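> Fit the two chains together into the complex; they arrive one by one in their own frames, and the hints show the way.
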Amino acid sequence: MVRLKNRYILFEILYPPTGETLSENIILQHRHQKNNEKLNITSKMIVYELKKMIRIYLGDQGLAKANIMLQMKYFNSTTSMGILKCSFDFYKIVILGLSMIQQLSTGGDNGSFIKGMFINVLKLSATIKKVEEFGIERNKKLIKRINFAQRKNNNLNIDFESVDKSIIIQIF
Amino acid sequence: MTNHMQCDLNVPFPHEITPESLKQLELTLYTLIELNYTHVAINKSLTPTMYHQPSKKQKQQMTQQQQKQKDQYNLKNDLEIFFKHFKELEIKFNSRNLKLFTRVTVEIDDPNQLGSLFINLNAPSNPNRFDLVAILPLSEKGLSFLTNNNGASSNSASIDILTFDYSNYFNGFHLKHKTMNGITRRGIKIEILYASIFNMSNQSNLKFVNNAKQVVRCCRKGIKTCIVSSGAKKNTNVRGKIAVESILSFLGLKSDVYSRMLKQNPLSSLLNGRLRVNSYQQTIVSGIDVMEKNIVLENEDLETVNGFVVAKRELDETDEEQSNKKQKI
Numbered sequence: 001m002v003r004l005k006n007r008y009i010l011f012e013i014l015y016p017p018t019g020e021t022l023s024e025n026i027i028l029q030h031r032h033q034k035n036n037e038k039l040n041i042t043s044k045m046i047v048y049e050l051k052k053m054i055r056i057y058l059g060d061q062g063l064a065k066a067n068i069m070l071q072m073k074y075f076n077s078t079t080s081m082g083i084l085k086c087s088f089d090f091y092k093i094v095i096l097g098l099s100m101i102q103q104l105s106t107g108g109d110n111g112s113f114i115k116g117m118f119i120n121v122l123k124l125s126a127t128i129k130k131v132e133e134f135g136i137e138r139n140k141k142l143i144k145r146i147n148f149a150q151r152k153n154n155n156l157n158i159d160f161e162s163v164d165k166s167i168i169i170q171i172f
Numbered sequence: 001m002t003n004h005m006q007c008d009l010n011v012p013f014p015h016e017i018t019p020e021s022l023k024q025l026e027l028t029l030y031t032l033i034e035l036n037y038t039h040v041a042i043n044k045s046l047t048p049t050m051y052h053q054p055s056k057k058q059k060q061q062m063t064q065q066q067q068k069q070k071d072q073y074n075l076k077n078d079l080e081i082f083f084k085h086f087k088e089l090e091i092k093f094n095s096r097n098l099k100l101f102t103r104v105t106v107e108i109d110d111p112n113q114l115g116s117l118f119i120n121l122n123a124p125s126n127p128n129r130f131d132l133v134a135i136l137p138l139s140e141k142g143l144s145f146l147t148n149n150n151g152a153s154s155n156s157a158s159i160d161i162l163t164f165d166y167s168n169y170f171n172g173f174h175l176k177h178k179t180m181n182g183i184t185r186r187g188i189k190i191e192i193l194y195a196s197i198f199n200m201s202n203q204s205n206l207k208f209v210n211n212a213k214q215v216v217r218c219c220r221k222g223i224k225t226c227i228v229s230s231g232a233k234k235n236t237n238v239r240g241k242i243a244v245e246s247i248l249s250f251l252g253l254k255s256d257v258y259s260r261m262l263k264q265n266p267l268s269s270l271l272n273g274r275l276r277v278n279s280y281q282q283t284i285v286s287g288i289d290v291m292e293k294n295i296v297l298e299n300e301d302l303e304t305v306n307g308f309v310v311a312k313r314e315l316d317e318t319d320e321e322q323s324n325k326k327q328k329i
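Protein chains in written order, with full-length UniProt numbering: chain A, 1 to 172; chain B, 1 to 329.
Pulled out of the complex, with its shape left as it was, chain B reads as follows (with noise of 0.2 Å):
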């Protein structure tokens, strides 16, 4: 590992892809690279309508329009779309040394509607798995569903991260330590998103530092639960590293708080996240840095077992001596 290391979570995907949209989200690439920013996350976000699959009754309450919409969406193909971009901009960035991470973030405002779709995001067989899992409740209903013993059990090991929107109030819930603690505890951090306090429209500034002050209350602190990322659509909603803490210190926060939530905990975060994709329940080799992408065998004391780089058992005395014996006989 480097010893600069600089995270930022969450820059997202636009939601219509145009050549326009696209350019867009490489010019704040550019943007954090001129800041110093080393490992940057493309998020895809996932709303209630992209993965619902309503039954009959529900499909006889849509209109027309809603249904025609709700057939022509395909969300298998939508992913190969992002992944198929996402790879493109691997290419074009890999020079820059800024590393690339794909992230979903989940919208839940009903847990029922969800159905499969964390079992068909994690399936070891698919092909473009997300190297971090996030969730965005939009309802009390949806922050229940990390808390329910049925979702804690199934889903403990394939979410990373919780976030808000930190642009409107929370809508009808109120956080709780008992319920946040029970999350994080779980190692699931929290992520506060900076972007919304540039703008001054429709008051999503004051909206900011209400959402972040209840955040951080609930949360211990802070001190090991808490990351912050930008959430930026534009590039002119980024900033350096100094300029985000001076924005946490006058959240209130002390320096050994917001320095452990810009590095280290976003860090372990990605870990946990890339040790899900390249791993087996969590083990590998030592010396291999899992968060560099694009491991080239080079080193001749590599090599592959079941798709897992392995180093090479050097052959010492003894062994041969075993060799040689079983050869004998």
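One chain only, chain A, in its complex shape (with noise of 0.2 Å):
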């Protein structure tokens, strides 16, 4: 009997600053977290803006080849990480669906956008546990850059303790 495979891809929202305030807290703009805004991001709008770029780019063959086994895992919205499940054989079809996201529809009636982001992915695996040790790496390393950014800019006066820093700690 043939094993089903599938893949995991680790995936983060970034959002590059666009505004004319430029400070050297560039790390925390990226990941919208400079003063604790929350922006209410679900795995269901990130799948629906898939499937329709999946549909602009690949037609519905594309579409209905990346819907096998298509599944949001996991999704945290503070810290912008998640993790989808898809087939082992379509899952270029997925990364480039996630590549081509430029903007995600709230769902309300007015119609409104989330704009000015886009969506890295960051890890390929055939396991979970593979991911998800991948992702506490990775954050552990963004917390090690932000502390280095901290102690170059004592001098500066530059306000970080207004970031929370348990939020980047909090995943999984």
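Simulated from the structure, these hints should not be mistaken for lab results.
Source: prediction; values computed, not measured.
Ideal Cβ placement from N, Cα and C applies to all residues, glycine included.
A hint or two may mislead.
[Stated by the list, open to error] Among chain A residues calculated to face chain B with C-beta under 8 Å, some are:
1) Leu14
2) Pro16
3) Pro17
4) His30
5) Ile95
6) Ser99
7) Leu104
8) Asn110
9) Ile114
10) Gly116
11) Phe118
12) Val121
13) Ser125
14) Ile128
15) Lys130
Here is the structure:
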């Protein structure tokens, strides 16, 4: 009997700053956590947008292929990291769809969008355990980078205390 | 050289220099750092109106406004301003593990308009030399500049990259195997810019797929010939390594081909360009990273001879005996 093979995709949502203000706190600005604002992004919104983009670029056939075993295993809106499960044969289609996303529809009647974002695919693996480990290690490195920037900019009196680091530690 | 290397050899420098446009450039560099890029080239593009010096007849045909603009603009000053801003950026991003390089893209409509532009850009006496030199043909004549005997002989060493405008259809010219193979045989790499796939307006995403397929078809499937870079004016149009690979597989390329396109080919063109600036006829001393900027001669075994870094020769016993003999004589 042939075993069903899956692939797990670890991704994060980045919000590259577009405003004129440019501070040294660029790592947190990319993760939209400068002022502890919360964007209510759900996994449904991402999957909806993913299917929409696959339909644009690869048509109905591509969407049907990508739909096999497609499932959002985990998504955390505070860290904006998530894990997608898809089939082994068609993972390239799913990654293409993820990388093409430029906005997320909030699903309201007004038809409003969250713009100025893109999805960065971090890791592709066959087991969910390896993906988790990679995500935790990456977040540890991020905290180190933030600490380094904090020490470096102590003389500049930038207010880093307002940043809640527990948000970044909190994953899985 | 470090193990992890990721190149983006086309981040456009703004045409009109304002504080906002410069900040936008900085923001794109910050996003590239977040996406683990290590080698980035900042691109200054030169349009035909910038370098063309019209004859008396052509001046008479120009309108007054065009003449005023032509008189006000000075290419030397413009390049100096670019290098001034580049050095500021280099100091800013020095501590962030991002190596910045300069690149110039010359848009060619008619090769006769060029004059002595390439000779001036690559003159050894010029203090501000570009690390990479690229060409963007706007017509078939512009492409033939690379294949002509005159152009090929005089510029074979000075051009690294050939690019195209991927957001529009090629203006009345068709790429042929013979011309493109002749170009790539001389070590010139052909560039694919992926940023226009994210622009849904004006059907530029369709045009990108069309043009990129044409380029890959006539360049031996792009194995040793093509490089991939972003060409993104906004920081939202930049993508990480896995995403770019998925776009290239969407174009029908295999994994061994696009992994070469992303790492080895751009690095080889970058090395070629850096050696043009840093070496004498591409010969160097082994053990020094040419792509490493700001070489500090902390090691005592190194010394400079005629502007080049050379390893000091250690005296052997035989040398000491010879020197003693000389002293006796």
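> Now tell me, hint by hint, if it's right for this structure.
Status of each hint after checking the structure:
1. Leu14: Check passed: Cβ of Leu14(A) comes within 7 Å of chain B, closer than 8 Å.
2. Pro16: It holds, given that the least Cβ distance between Pro16(A) and chain B is near 4 Å, below 8 Å.
3. Pro17: Constraint on Pro17(A) satisfied, holds at 6 Å.
4. His30: 5 Å, holds
5. Ile95: With a minimum Cβ separation of about 4 Å from chain B (threshold 8 Å), the hint on Ile95(A) holds.
6. Ser99: 3 Å, holds
7. Leu104: 13 Å, violated
8. Asn110: Result: violated, 21 Å to nearest chain B Cβ.
9. Ile114: With a closest approach of 12 Å, the Ile114(A) hint is violated.
10. Gly116: Constraint on Gly116(A) satisfied, holds at 6 Å.
11. Phe118: This hint holds: Phe118(A) lies near chain B, its Cβ roughly 6 Å from the closest one there, short of 8 Å.
12. Val121: Constraint on Val121(A) satisfied, holds at 4 Å.
13. Ser125: 12 Å, violated
14. Ile128: 18 Å, violated
15. Lys130: 15 Å, violated
Going down the numbered hints, you'll see the structure goes against 7, 8, 9, 13, 14 and 15, while the others check out.
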